[in-house]
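> Build the full structure now, drawing on both the sequences and the hints.
Protein chains in written order, with my numbering: chain A, 180 to 534; chain B, 180 to 534.
Worth double-checking, as some hints may not be accurate.
The list treats identical chains as interchangeable, and a pair is accepted whether it falls inside one copy or across any two copies.
Claimed, not checked - Restricting the straight-line Cα-Cα distance to at most 20 Å, the calculated cross-link-like pairs of lysine to any residue (SDA-like) are: (1) K530 to G497; (2) K277 to D341; (3) K414 to H525; (4) K482 to D342; (5) K277 to D449; (6) K482 to R344.
Think of the hints as simulated: they come from the structure by calculation, not from any bench.
Protein chains: 2
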Amino acid sequence: MNTLKNDTFLRALLRQPTDYTPIWLMRQAGRYLPEYCQTRRRAGSFMDLCRNPHLACEVTLQPLARYDLDAAILFSDILTVPDAMGLGLYFAEGEGPKFERPLREEWAIRNLAAPDPGVELRYVLDAVAEIRRALNGSVPLIGFSGSPFTLACYMIEGGASDDFRTIKTMLYDRPDLLHHVLDVNTKAVTAYLNAQIEAGAQAVMIFDTWGGVLSRRAYGEFSLAYMRRIVAGLKREHDGARIPRIVFTKGGGQWLEEIAAIGCDAVGLDWTADIGAARERVGGKVALQGNLDPSILFAQPEKIAQEAHAILDAFGPGSGHVFNLGHGISQFTPPEHVTALVDAVHTHSRKQRQA
Amino acid sequence: MNTLKNDTFLRALLRQPTDYTPIWLMRQAGRYLPEYCQTRRRAGSFMDLCRNPHLACEVTLQPLARYDLDAAILFSDILTVPDAMGLGLYFAEGEGPKFERPLREEWAIRNLAAPDPGVELRYVLDAVAEIRRALNGSVPLIGFSGSPFTLACYMIEGGASDDFRTIKTMLYDRPDLLHHVLDVNTKAVTAYLNAQIEAGAQAVMIFDTWGGVLSRRAYGEFSLAYMRRIVAGLKREHDGARIPRIVFTKGGGQWLEEIAAIGCDAVGLDWTADIGAARERVGGKVALQGNLDPSILFAQPEKIAQEAHAILDAFGPGSGHVFNLGHGISQFTPPEHVTALVDAVHTHSRKQRQA
Numbered sequence: 180m181n182t183l184k185n186d187t188f189l190r191a192l193l194r195q196p197t198d199y200t201p202i203w204l205m206r207q208a209g210r211y212l213p214e215y216c217q218t219r220r221r222a223g224s225f226m227d228l229c230r231n232p233h234l235a236c237e238v239t240l241q242p243l244a245r246y247d248l249d250a251a252i253l254f255s256d257i258l259t260v261p262d263a264m265g266l267g268l269y270f271a272e273g274e275g276p277k278f279e280r281p282l283r284e285e286w287a288i289r290n291l292a293a294p295d296p297g298v299e300l301r302y303v304l305d306a307v308a309e310i311r312r313a314l315n316g317s318v319p320l321i322g323f324s325g326s327p328f329t330l331a332c333y334m335i336e337g338g339a340s341d342d343f344r345t346i347k348t349m350l351y352d353r354p355d356l357l358h359h360v361l362d363v364n365t366k367a368v369t370a371y372l373n374a375q376i377e378a379g380a381q382a383v384m385i386f387d388t389w390g391g392v393l394s395r396r397a398y399g400e401f402s403l404a405y406m407r408r409i410v411a412g413l414k415r416e417h418d419g420a421r422i423p424r425i426v427f428t429k430g431g432g433q434w435l436e437e438i439a440a441i442g443c444d445a446v447g448l449d450w451t452a453d454i455g456a457a458r459e460r461v462g463g464k465v466a467l468q469g470n471l472d473p474s475i476l477f478a479q480p481e482k483i484a485q486e487a488h489a490i491l492d493a494f495g496p497g498s499g500h501v502f503n504l505g506h507g508i509s510q511f512t513p514p515e516h517v518t519a520l521v522d523a524v525h526t527h528s529r530k531q532r533q534a
Numbered sequence: 180m181n182t183l184k185n186d187t188f189l190r191a192l193l194r195q196p197t198d199y200t201p202i203w204l205m206r207q208a209g210r211y212l213p214e215y216c217q218t219r220r221r222a223g224s225f226m227d228l229c230r231n232p233h234l235a236c237e238v239t240l241q242p243l244a245r246y247d248l249d250a251a252i253l254f255s256d257i258l259t260v261p262d263a264m265g266l267g268l269y270f271a272e273g274e275g276p277k278f279e280r281p282l283r284e285e286w287a288i289r290n291l292a293a294p295d296p297g298v299e300l301r302y303v304l305d306a307v308a309e310i311r312r313a314l315n316g317s318v319p320l321i322g323f324s325g326s327p328f329t330l331a332c333y334m335i336e337g338g339a340s341d342d343f344r345t346i347k348t349m350l351y352d353r354p355d356l357l358h359h360v361l362d363v364n365t366k367a368v369t370a371y372l373n374a375q376i377e378a379g380a381q382a383v384m385i386f387d388t389w390g391g392v393l394s395r396r397a398y399g400e401f402s403l404a405y406m407r408r409i410v411a412g413l414k415r416e417h418d419g420a421r422i423p424r425i426v427f428t429k430g431g432g433q434w435l436e437e438i439a440a441i442g443c444d445a446v447g448l449d450w451t452a453d454i455g456a457a458r459e460r461v462g463g464k465v466a467l468q469g470n471l472d473p474s475i476l477f478a479q480p481e482k483i484a485q486e487a488h489a490i491l492d493a494f495g496p497g498s499g500h501v502f503n504l505g506h507g508i509s510q511f512t513p514p515e516h517v518t519a520l521v522d523a524v525h526t527h528s529r530k531q532r533q534a
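Written out as structure tokens, the structure reads:
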């Protein structure tokens, strides 16, 4: 059973009444925090930090020490799964993630196999368990993974891309090959998330960072269909508690109805969506998570509060809203601006419930 | 009066009956064409090419010599206006456009003034006139400009950006300053497009490349409102012919109804929108232009034809569709694939009308 001191986040995801609107921030353990940068320097590389359960736990807890956040999220990378498949993840300084061995040849694609999370991704599960112990029931812990399509983008392009030329050429010319990659990724992500749940994750989120670069039809076939399979394959309960599932496609605002229909409990919104209109579109089907433009955190605290109020007011009364940014927090965010945001969300949403 | 041999494009923009669906491609005069690269080398830099009316005319006509396209578009850059304002546009090799003197200080913003298109942008108007003569009534010529917000993004950031941190900080903290920039840009773009119309442009398009990075409210206030003012300020007729106005916000698929309501004749769609659903949403208000994913041109010709048919079928029978890509054509496109696309659009859309 859930013995959490603060289960507001889990209740909001399940659209149960809450005293206020819970808040957490994508990438809340990150470079905008000086204490994160210190730990990161001690660890060595970014992947050294991810692979060290002690240090991963340390940075996971840092934002919770500073801010009154309603959830913790496992500190890890979305690309641990393809790394465990042997593609050789690395981070070139000042650039995004890259793979030493991008997946391009048919023989390599045919040889691709889902890793055993208990073996190749043991360090993640150890981190989950250690964080759960350290949290000591204060707030819930979120586990996560990249979506099959998003993982495939990096695996096939070999890194970030501005046109996704390689994967899109495969998508249109050799859909059979891409479907094979996505099938393996789906099995891998399902096993990975279930292992995180067993290790202690109390909610899980699928990050579909790149699904929004597809046409509507291609999105349905190559991204959403696989996320649906994952959701269907996840443990619904663990240790007597429901495990809510959040799905987030950046740039997916046009496809909300379809995303809300895959069986997830909550849908993440980027900041281009109007959360009031989104709530009307998905009706009572799912909770919504979002959706402040992370750039608003560069503005002055009064302005931050004003924009947070506008989102809370647009969502309106009733439960089913988890406040968040519409994308990961920027490394250039002044840390004290996050305090202003968290306070604004908690205070205003309590007032809303008293009105 | 219009004495065009092929006015299919203009008729489709005005939702008049046509024998087939017209097609042109954003950035159709560009690096994927070897003949463009040759002219470009002769010209020197990209801006030397833009500033030379003879050569700008030459590259404008190149795709029309190769393909059975239904419109020509002025070869120029979206940033000619801020360049004419004195910001010093340049292109660093392998990078996007940059400004030597980004607009950041309040005094510089207060001093910003709209250029006289007849003086500072004479080279563009000369190119328009020369292209019109060279086209000799074969197909219509499209004039264009960047939107006030998109110009402001480059002017304030000093170049492309992945988070638009500087302009968004200004947007939230000093909206008065940004509104001033947008006001000057709006006057400048209106005068520039009207001058292009007087020089011979038979349709005009506003490219809002970056409006889609805003929240819905910010988009309405800082991008769409200014495009509405431009549309209201454009000459509706010239030389006895209607001058259709196309507005394109990349990433604006969630805001179609609002875009369609600003008084333009047509709305451009990127490839994430379902054109059938878009047509239902905007009703008979405007024509639609789009919306093939440019990456589909990397696929084999049969696949290209199949995807083009799917878009034509999704739009359905009746007029009011101009076929295009959902974004500029990639420099990596095999030129012969464009032939396959143009043929597929013309052939299939003629068949649709016979059904």
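> So, for every hint listed, does it hold in this structure?
Comparing the hints with the structure gives:
| no. | hint | in the structure |
| --- | --- | --- |
| 1 | K530 to G497 | within (12 Å within a copy, 52 Å between copies) |
| 2 | K277 to D341 | both (14 Å within a copy, 18 Å between copies) |
| 3 | K414 to H525 | neither (31 Å within a copy, 51 Å between copies) |
| 4 | K482 to D342 | between (35 Å within a copy, 19 Å between copies) |
| 5 | K277 to D449 | neither (25 Å within a copy, 28 Å between copies) |
| 6 | K482 to R344 | between (40 Å within a copy, 15 Å between copies) |
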